[in-house]
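Visitor: In the order they appear, the protein sequences are chains A and B. Residues in the first sequence are numbered consecutively from 23, following the numbering used here. Residues in the second sequence are numbered consecutively from 23, following the numbering used here.
Just so you know, these hints were derived from the structure itself, not from any lab. Some hints here could point you the wrong way.
Since copy identity is lost for identical chains, a pair holds within one copy or between any two.
[As the list claims (entries may be wrong)] The calculated lysine to any residue pairs, modelled on SDA-like cross-linking and capped at a C-alpha distance of 20 Å, are:
#1 451 with 201
#2 426 with 463
#3 101 with 27
#4 451 with 194
#5 277 with 35
#6 40 with 27
#7 458 with 188
#8 451 with 191
#9 116 with 94
#10 30 with 94
#11 30 with 273
#12 101 with 34
#13 101 with 26
#14 40 with 29
#15 451 with 195
#16 40 with 26
#17 150 with 90
#18 117 with 177
#19 277 with 34
#20 277 with 36
#21 430 with 273
Residue strings, one per chain:
Number of protein chains: 2
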Amino acid sequence: MKQTIPYKIYLEEQEMPKQWYNVRADMKKKPAPILNPGTLKPVALEELSKIFCTELAAQELDDTTPYFDIPGEIRDFYKMYRPSPLVRAYCLEKKLDTPAHIYYKFEGNNTSGSHKLNSAIAQAYYAKKQGLKGVTTETGAGQWGTALSMACAYLDLDCQVYMVKCSYEQKPFRREVMRTYGAQVTPSPSMNTEIGRKINAEFPGTTGSLGCAISEAVEAAVSQEGYRYVLGSVLTQVLLHQSVIGLETKAALDKYGIKADTIIGCAGGGSNLGGLISPFVGQMLRGEADYDIIAVEPASCPSLTRGVYAYDFCDTGKVCPLTKMYTLGSGFIPSANHSGGLRYHGMSSVVSELYDQGYLTARSVEQTEVFRAAQTFAKVEGILPAPESSHAIKVAIDEAMKCKETGKEKTIVFGLTGTGYFDMMAYQKFNDGEMKDYIPSEEELARSFASLPKAD
Amino acid sequence: MKQTIPYKIYLEEQEMPKQWYNVRADMKKKPAPILNPGTLKPVALEELSKIFCTELAAQELDDTTPYFDIPGEIRDFYKMYRPSPLVRAYCLEKKLDTPAHIYYKFEGNNTSGSHKLNSAIAQAYYAKKQGLKGVTTETGAGQWGTALSMACAYLDLDCQVYMVKCSYEQKPFRREVMRTYGAQVTPSPSMNTEIGRKINAEFPGTTGSLGCAISEAVEAAVSQEGYRYVLGSVLTQVLLHQSVIGLETKAALDKYGIKADTIIGCAGGGSNLGGLISPFVGQMLRGEADYDIIAVEPASCPSLTRGVYAYDFCDTGKVCPLTKMYTLGSGFIPSANHSGGLRYHGMSSVVSELYDQGYLTARSVEQTEVFRAAQTFAKVEGILPAPESSHAIKVAIDEAMKCKETGKEKTIVFGLTGTGYFDMMAYQKFNDGEMKDYIPSEEELARSFASLPKAD
Numbered sequence: 023m024k025q026t027i028p029y030k031i032y033l034e035e036q037e038m039p040k041q042w043y044n045v046r047a048d049m050k051k052k053p054a055p056i057l058n059p060g061t062l063k064p065v066a067l068e069e070l071s072k073i074f075c076t077e078l079a080a081q082e083l084d085d086t087t088p089y090f091d092i093p094g095e096i097r098d099f100y101k102m103y104r105p106s107p108l109v110r111a112y113c114l115e116k117k118l119d120t121p122a123h124i125y126y127k128f129e130g131n132n133t134s135g136s137h138k139l140n141s142a143i144a145q146a147y148y149a150k151k152q153g154l155k156g157v158t159t160e161t162g163a164g165q166w167g168t169a170l171s172m173a174c175a176y177l178d179l180d181c182q183v184y185m186v187k188c189s190y191e192q193k194p195f196r197r198e199v200m201r202t203y204g205a206q207v208t209p210s211p212s213m214n215t216e217i218g219r220k221i222n223a224e225f226p227g228t229t230g231s232l233g234c235a236i237s238e239a240v241e242a243a244v245s246q247e248g249y250r251y252v253l254g255s256v257l258t259q260v261l262l263h264q265s266v267i268g269l270e271t272k273a274a275l276d277k278y279g280i281k282a283d284t285i286i287g288c289a290g291g292g293s294n295l296g297g298l299i300s301p302f303v304g305q306m307l308r309g310e311a312d313y314d315i316i317a318v319e320p321a322s323c324p325s326l327t328r329g330v331y332a333y334d335f336c337d338t339g340k341v342c343p344l345t346k347m348y349t350l351g352s353g354f355i356p357s358a359n360h361s362g363g364l365r366y367h368g369m370s371s372v373v374s375e376l377y378d379q380g381y382l383t384a385r386s387v388e389q390t391e392v393f394r395a396a397q398t399f400a401k402v403e404g405i406l407p408a409p410e411s412s413h414a415i416k417v418a419i420d421e422a423m424k425c426k427e428t429g430k431e432k433t434i435v436f437g438l439t440g441t442g443y444f445d446m447m448a449y450q451k452f453n454d455g456e457m458k459d460y461i462p463s464e465e466e467l468a469r470s471f472a473s474l475p476k477a478d
Numbered sequence: 023m024k025q026t027i028p029y030k031i032y033l034e035e036q037e038m039p040k041q042w043y044n045v046r047a048d049m050k051k052k053p054a055p056i057l058n059p060g061t062l063k064p065v066a067l068e069e070l071s072k073i074f075c076t077e078l079a080a081q082e083l084d085d086t087t088p089y090f091d092i093p094g095e096i097r098d099f100y101k102m103y104r105p106s107p108l109v110r111a112y113c114l115e116k117k118l119d120t121p122a123h124i125y126y127k128f129e130g131n132n133t134s135g136s137h138k139l140n141s142a143i144a145q146a147y148y149a150k151k152q153g154l155k156g157v158t159t160e161t162g163a164g165q166w167g168t169a170l171s172m173a174c175a176y177l178d179l180d181c182q183v184y185m186v187k188c189s190y191e192q193k194p195f196r197r198e199v200m201r202t203y204g205a206q207v208t209p210s211p212s213m214n215t216e217i218g219r220k221i222n223a224e225f226p227g228t229t230g231s232l233g234c235a236i237s238e239a240v241e242a243a244v245s246q247e248g249y250r251y252v253l254g255s256v257l258t259q260v261l262l263h264q265s266v267i268g269l270e271t272k273a274a275l276d277k278y279g280i281k282a283d284t285i286i287g288c289a290g291g292g293s294n295l296g297g298l299i300s301p302f303v304g305q306m307l308r309g310e311a312d313y314d315i316i317a318v319e320p321a322s323c324p325s326l327t328r329g330v331y332a333y334d335f336c337d338t339g340k341v342c343p344l345t346k347m348y349t350l351g352s353g354f355i356p357s358a359n360h361s362g363g364l365r366y367h368g369m370s371s372v373v374s375e376l377y378d379q380g381y382l383t384a385r386s387v388e389q390t391e392v393f394r395a396a397q398t399f400a401k402v403e404g405i406l407p408a409p410e411s412s413h414a415i416k417v418a419i420d421e422a423m424k425c426k427e428t429g430k431e432k433t434i435v436f437g438l439t440g441t442g443y444f445d446m447m448a449y450q451k452f453n454d455g456e457m458k459d460y461i462p463s464e465e466e467l468a469r470s471f472a473s474l475p476k477a478d
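Next up, chain A with everything else stripped away, as it sits in the complex (with noise of 0.2 Å):
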């Protein structure tokens, strides 16, 4: 007998993943090791214990142990947000007209409006265990300094988010939430770093870019007592956290015996398409299932279709460890008039290399056709996405018209990661008709590749 599947999935609290899941611990050829970038030797525990919390850099290195527990302290926090509904999307597939069944992962349900609560709280967490004063991290929009901020409000440990300049002045909602929260909230380039003043020396009356916020914050971080820095995406310790997405989503849809056959993600420094994808790509690498899975993003800033695979700097700076990754190199800065997130030059290693070995495919679209699937989503889910998210949408409607098309009844889940309240400003550009799109050229994207470390 078929159950009638409810609008939203909800697990049971008791059914929430007690363990995350280390999906390199199931790949035969593992992502390549993180490198120091003085000696282009592999980066040693003890090495990347400067820059972050030991137990960090512990899972960040280990690429073996299949599981992590999820400490209690992280699940009741958990708990306050999570589960996160696993939604049928049965208003979109009407207003489509589509055989397609369409479910998404709704990510959105929570203050700091992101799936980046997920990491936020983990690294925290680890934070306070060692003993530590306080974190650094850097925020472009503010997703992620928001959810630190939460974090660390919630533990009583203090929070030092450098923000890039023009986010800092263009979107200064954010930075209230931030600032509710307790956190001290510097906008980058600032005075307060050398790495900082040297950038404003340089380039004066320059509005800042996330790879030199990232120095700035490792800078603070290794230059004060009792502080560390946090990163929300890119590295593998926040794919693992991030798991737990992927974890919930299967569970919710084995609850229901769903089997999906196409998972999509949007993607910019990969935490969440790879903690979205991770259980599911462990199937695909033990032989269990096969499914299609799609990273997105932004035709504006190509990593996975139009970058290289190349070991790369992680920040502008250059102090945080040399990564193998598809990457569009260190120097690259995403048009001005891109506004949809996702603007990291490179991508995770763990999602990198799974691409590289055919785990997933990439697609790149534009904003404007992006912003239009957010608004058609919008109308009948009743969620206004936040453009990250919507380039997941945007692919998830264009594969559910292919089911139109062929008549096939294919499962399509995507992952909407977050809500676009803060997004305002973008928005408006859309519905005043002056967004713009943007592909970078060859020749810009040769000029870009020039600043790739030359050892590799």
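On the provided structure of chain A, position chain B as indicated by the hints.
Guide: For chain B alone, coordinates are given in the frame of chain A:
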């Protein structure tokens, strides 16, 4: 055996209410009838149907039918964002170190950011069913306008929103959410209506008021073929729709065998409070149970605690029916430094009558203590609350602290009506230490009472 109470109690989809509850049916002494402002006679269905959809006008006037079926189409829409969770505030309890058990019904997990969507979809549905082209309404901060825009987009109905001019200018983000959902948003007072032009001529440069925006929206509705006016609070039909909040809350409590002692809600026009308390007051009216019910209002707009119980105009233009309610006079405008919503001069006739009969008590609180409570709550419960909702938080914390003194293990339930993501300018003022309190003087209220109609 005592069950463990999860952090979030979710009803199953099939446990969601199938009927709204009309508390008036159980009241021996009914709220006074609404009057035609010209004839001072009770308004007939026929008259009221010129302003409201016929079915909504019938709901407005019906004080005997205890239950109204929720149409299937509305229940389907509800399924997209309901049932809303009843949250056990474990972390707040721990922070306060109180023996009290605190629960909150969280209505903010939808893009409108509040409970307003519950009535918006109902009102839009009946308008669509009547074959109308569209609806008109007013909005202050924009919660109601956003909710109505969402409902109209879903049903493909035209939506015209008159937004109080100061909010239109100072809160562009909500305006853009409404526009993304396809609504036509006009700053009020506008030059579109006779009353708008009159007010603009009389008070050049005015930034508007809710009462004035109501008058414009009503005029726009009656002067366009195929349009009706809809309203987000105050009206009894709205309370009827909002009873879904109370019904779900009661069902969730009953599911776990929990008996509430104290029920707390913030009170502006009374829609959330009335909806939350309806089924509980119903039990009190039928002699089945007893509760301590507390309405919380801003000290700067104290209609219950300092108003008079009298017939008054609902709008500045005096076009709406006269309603007997606790009121500060329709000429009352809260001080400019008031940030926290809940700025309507009067109170729902049902809530007013219940208050007059002693079924609930009322308290007024000042805004800096409200924002302080909001911050405490946000840090431990992870949700940044709307300033409106934070009035209820403030009193819930007060009550929990009393339990700490007395050692009583009371069960406190409060309504968390929404999120504060679009109220960051108010939070910024609070973060910067620039928020001021304001309590209107006796003289100020006396002047305002002078605007009451003479006949009663």
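Visitor: All hints are to be evaluated individually against the structure, with a verdict given for each.
Guide: Hints, verified against the model:
1. 451 with 201: Classified as between: cross-chain Cα gap 11 Å, same-chain 27 Å, threshold 20 Å.
2. 426 with 463: neither (34 Å within a copy, 66 Å between copies)
3. 101 with 27: between (23 Å within a copy, 12 Å between copies)
4. 451 with 194: So residue 451 and residue 194 pass the 20 Å test inside a copy (18 Å) and across (12 Å) alike.
5. 277 with 35: Intra 14 Å, inter 16 Å, cutoff 20 Å: intra and inter.
6. 40 with 27: between (25 Å within a copy, 19 Å between copies)
7. 458 with 188: Only inside one copy: residue 458 and residue 188 sit 19 Å apart there, 30 Å across copies, limit 20 Å.
8. 451 with 191: both (17 Å within a copy, 17 Å between copies)
9. 116 with 94: between (41 Å within a copy, 16 Å between copies)
10. 30 with 94: Cα proximity of residue 30 and residue 94: across copies only (17 Å, versus 26 Å in one copy).
11. 30 with 273: both (14 Å within a copy, 19 Å between copies)
12. 101 with 34: Both. Shortest intra-copy (10 Å) and inter-copy (18 Å) distances satisfy the 20 Å Cα cut-off.
13. 101 with 26: between (26 Å within a copy, 14 Å between copies)
14. 40 with 29: between (25 Å within a copy, 16 Å between copies)
15. 451 with 195: both (18 Å within a copy, 12 Å between copies)
16. 40 with 26: Result: close only across copies, 18 Å inter versus 28 Å intra.
17. 150 with 90: within (18 Å within a copy, 53 Å between copies)
18. 117 with 177: between (44 Å within a copy, 11 Å between copies)
19. 277 with 34: both (11 Å within a copy, 15 Å between copies)
20. 277 with 36: both (13 Å within a copy, 17 Å between copies)
21. 430 with 273: Result: close neither inside a copy nor across copies, 25 Å intra and 41 Å inter.
Violated hints for the displayed structure, listed by number in ascending order: 2 and 21.
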